[in-house]
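Q: Below, each chain spelled out in residue letters.
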Amino acid sequence: MLSQDDRRLIAALHGGFPLTDRPFADMALQLGCGEDMLIDRLQRLLSHGDLTRFGPLFQIERAGGRFVLAAMAVPEERFNEVAEVLSGMPEVAHNYRRESAYGVAGEGSEPLNMWFVIAVARADEVADVVRRMEATTGLRVFEFPKEREFFVELRLPLLEDAHVSHG
Amino acid sequence: MSAMDDLDRRLIGATQAGLPLVPRPYEAIGASLGISGDLVRERLQSMLDRGLIRRIGAVPNHYRLGFTANGMSVWDVDDERVDDLGEAVGRLPFVSHCYRRPRHLPVWRFNLFAMLHGRSRDEVEVQARQVADVLGQACRAHDILYSTAILKKTGLRISES
Numbered sequence: 001m002l003s004q005d006d007r008r009l010i011a012a013l014h015g016g017f018p019l020t021d022r023p024f025a026d027m028a029l030q031l032g033c034g035e036d037m038l039i040d041r042l043q044r045l046l047s048h049g050d051l052t053r054f055g056p057l058f059q060i061e062r063a064g065g066r067f068v069l070a071a072m073a074v075p076e077e078r079f080n081e082v083a084e085v086l087s088g089m090p091e092v093a094h095n096y097r098r099e100s101a102y103g104v105a106g107e108g109s110e111p112l113n114m115w116f117v118i119a120v121a122r123a124d125e126v127a128d129v130v131r132r133m134e135a136t137t138g139l140r141v142f143e144f145p146k147e148r149e150f151f152v153e154l155r156l157p158l159l160e161d162a163h164v165s166h167g
Numbered sequence: 001m002s003a004m005d006d007l008d009r010r011l012i013g014a015t016q017a018g019l020p021l022v023p024r025p026y027e028a029i030g031a032s033l034g035i036s037g038d039l040v041r042e043r044l045q046s047m048l049d050r051g052l053i054r055r056i057g058a059v060p061n062h063y064r065l066g067f068t069a070n071g072m073s074v075w076d077v078d079d080e081r082v083d084d085l086g087e088a089v090g091r092l093p094f095v096s097h098c099y100r101r102p103r104h105l106p107v108w109r110f111n112l113f114a115m116l117h118g119r120s121r122d123e124v125e126v127q128a129r130q131v132a133d134v135l136g137q138a139c140r141a142h143d144i145l146y147s148t149a150i151l152k153k154t155g156l157r158i159s160e161s
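In order, the protein sequence lines correspond to chains A and B. Just so we're aligned, residue 1 is where the first sequence starts under this note's numbering, counting upward by one. Just so we're aligned, residue 1 is where the second sequence starts under this note's numbering, counting upward by one.
Hints may be right or wrong, so weigh each one.
[Said to hold, decoys possible] Under the rule of at most 25 Å between Cα atoms (straight-line distance), these lysine to aspartate or glutamate pairs were calculated in the DMTMM-like manner:
1) A/K146 with A/E110
2) A/K146 with A/E61
3) B/K153 with A/E134
4) A/K146 with A/E134
5) B/K152 with A/E99
6) B/K153 with A/E149
7) A/K146 with B/D76
[What the hints assert, rightly or not] If you want the ones that stay clear, here's a sample from chain A, every Cβ over 10 Å from chain B, calculated:
8) Q4
9) L29
10) Q30
11) G32
12) C33
13) M37
14) E77
15) D124
16) A127
17) D128
18) V129
19) E134
20) T136
21) T137
22) G138
23) L139
These aren't lab readings, by the way, just hints derived from the structure by calculation. All residues carry an ideal CB built from backbone N, CA and C; glycine is no exception.
Working from the sequences, and respecting the hints, build out all of it.
A: So this is what it looks like as structure tokens:
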């Protein structure tokens with residue numbers, strides 16, 4: 001688990017990293033530590049996997065790119081094989097095995113158990129990616145494009161408080 | 001929608017793995033692209049202003065923070081009311097993403113998706129009950145899909161062409 005100091009650092013670095021000539025030095029000044037120390041700690045948090053990334057977060061849809069959530073119902077005996085196919089496709093950004101808590105989602109058919117995100121630079125590439133996936137696996141790909149995004153107040157409960165929930 | 005130009009694409013390519021952890025990161029990016037650090041900073045600011053960049057900062061690993069239960073809650077909500085209710089669900093503090101998405105009948109009846117994160121499934125179940133309270137009679141059924149394995153996790157990849 002992360003130390004309180006690390007949590008504070010991650011919270012302070014959530015956004016607004018300065019676009020200055022020496023941003024780590026400027027940030028370190030605000031945090032009351034040295035530039036070298038800040039860089040070292042970030043290096044360590046990244047190499048330990050406590051941070052998955054440090055840098056700009058792109059909103060690629062503003063630039064004509066597209067993220068689409070999609071899912072497949074993969075028979076158990078083919079699960080690894082199909083996961084391998086998706087892992088080999090650069091357009092697949094995330095892929096999770098998901099299991100239904102109540103079984104409601106699977107009623108009347110095979111449950112959708114493989115959920116992934118297709119990420120492409122141009123919206124018109126999605127159809128081609130889906131076609132290739134279906135041709136390679138012989139399984140139907142269900143697309144779940146966002147029809148509407150509801151505003152969320154994103155707040156990570158980085159500082160210790162057992163009752164704060166994730167945002 | 002603002003079009004991305006070549007420099008935007010090159011900057012995305014050069015920073016999608018993250019900022020270089022050196023005292024002058026923008027200078028270093030500029031050097032790799034054959035442009036000045038000033039131009040890199042100017043352009044990143046413009047990408048922030050245009051919404052191409054959401055923020056510049058740290059992306060924590062939820063699992064390491066103790067949020068090991070990650071539930072995609074899905075809800076079958078009256079089409080007439082889903083937009084208003086989706087806004088209300090998005091305001092719940094533990095919801096990290098909330099979207100209206102298409103149904104695929106008869107395989108998939110759910111049209112509202114809300115991501116819930118907790119330290120345990122029990123905590124996620126409590127959150128789901130709060131979502132159910134917000135939706136009330138407008139919700140006909142729901143489920144929670146827990147991720148039980150990460151099969152692939154990579155950041156954004158985008159070709160520069």
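Q: Now tell me, hint by hint, if it's right for this structure.
A: Here is how each hint holds up against the structure:
Proposed proximity of A/K146 and A/E110 is supported: the alpha carbons are some 23 Å apart, at most 25 Å. Taking the CA atoms of A/K146 and A/E61, the gap is near 11 Å; set against the 25 Å cutoff, the hint holds. Note on B/K153 and A/E134: the hinted pairing holds, with a Cα-Cα distance of about 21 Å set against a maximum of 25 Å. With a CA separation close to 21 Å, the supplied pair A/K146 and A/E134 stays within the 25 Å bound.
At roughly 16 Å between alpha-carbon atoms, B/K152 and A/E99 fall within 25 Å of each other, so this suggested pair holds. Distance check on the hinted pair: B/K153 and A/E149 sit about 22 Å apart at the alpha-carbon level, within 25 Å; holds. Distance restraint check for A/K146 and B/D76: the Cα-Cα separation of roughly 15 Å lies within the 25 Å cut-off, and the hinted pair is therefore satisfied. Residue-level check passed: A/Q4 sits 12 Å from the nearest beta carbon of chain B, beyond 10 Å.
Listed as outside the interface, A/L29 is consistent with that label: its C-beta sits roughly 13 Å from the nearest C-beta of chain B, beyond the 10 Å cut-off. Every beta carbon of chain B lies more than 10 Å from that of A/Q30, the smallest distance being close to 13 Å; the non-interface claim holds. With a least beta-carbon separation of about 18 Å from chain B, A/G32 lies farther than 10 Å from that chain, consistent with its non-interface assignment. Here A/C33 stays apart from chain B, with its beta-carbon at least about 14 Å from theirs, past the 10 Å limit.
Even its closest Cβ contact with chain B, about 12 Å, leaves A/M37 beyond 10 Å, as expected for a residue assigned away from the interface. A/E77, annotated as away from the interface, keeps every beta carbon of chain B farther than 10 Å; the closest lies near 16 Å. In this structure A/D124 is separated from chain B by more than 10 Å, as the shortest Cβ-Cβ distance comes to about 14 Å. The beta carbon of A/A127 sits about 15 Å from the closest Cβ of chain B, which is more than 10 Å, so the claim that it is off the interface holds.
A/D128, annotated as away from the interface, keeps every beta carbon of chain B farther than 10 Å; the closest lies near 14 Å. The beta carbon of A/V129 sits about 12 Å from the closest Cβ of chain B, which is more than 10 Å, so the claim that it is off the interface holds. Residue-level check passed: A/E134 sits 14 Å from the nearest beta carbon of chain B, beyond 10 Å. With 10 Å as the threshold on Cβ separation, the claim that A/T136 sits away from chain B holds: the shortest Cβ distance comes to roughly 15 Å.
With 10 Å as the threshold on Cβ separation, the claim that A/T137 sits away from chain B holds: the shortest Cβ distance comes to roughly 14 Å. The Cβ of A/G138 sits about 17 Å from the closest Cβ of chain B, beyond the 10 Å cut-off, so the non-interface label holds. For A/L139, the shortest C-beta to C-beta distance to chain B comes to about 12 Å, beyond the 10 Å cut-off, and the non-interface label holds.
Comparing the model with each numbered hint stated earlier shows that all of them hold.
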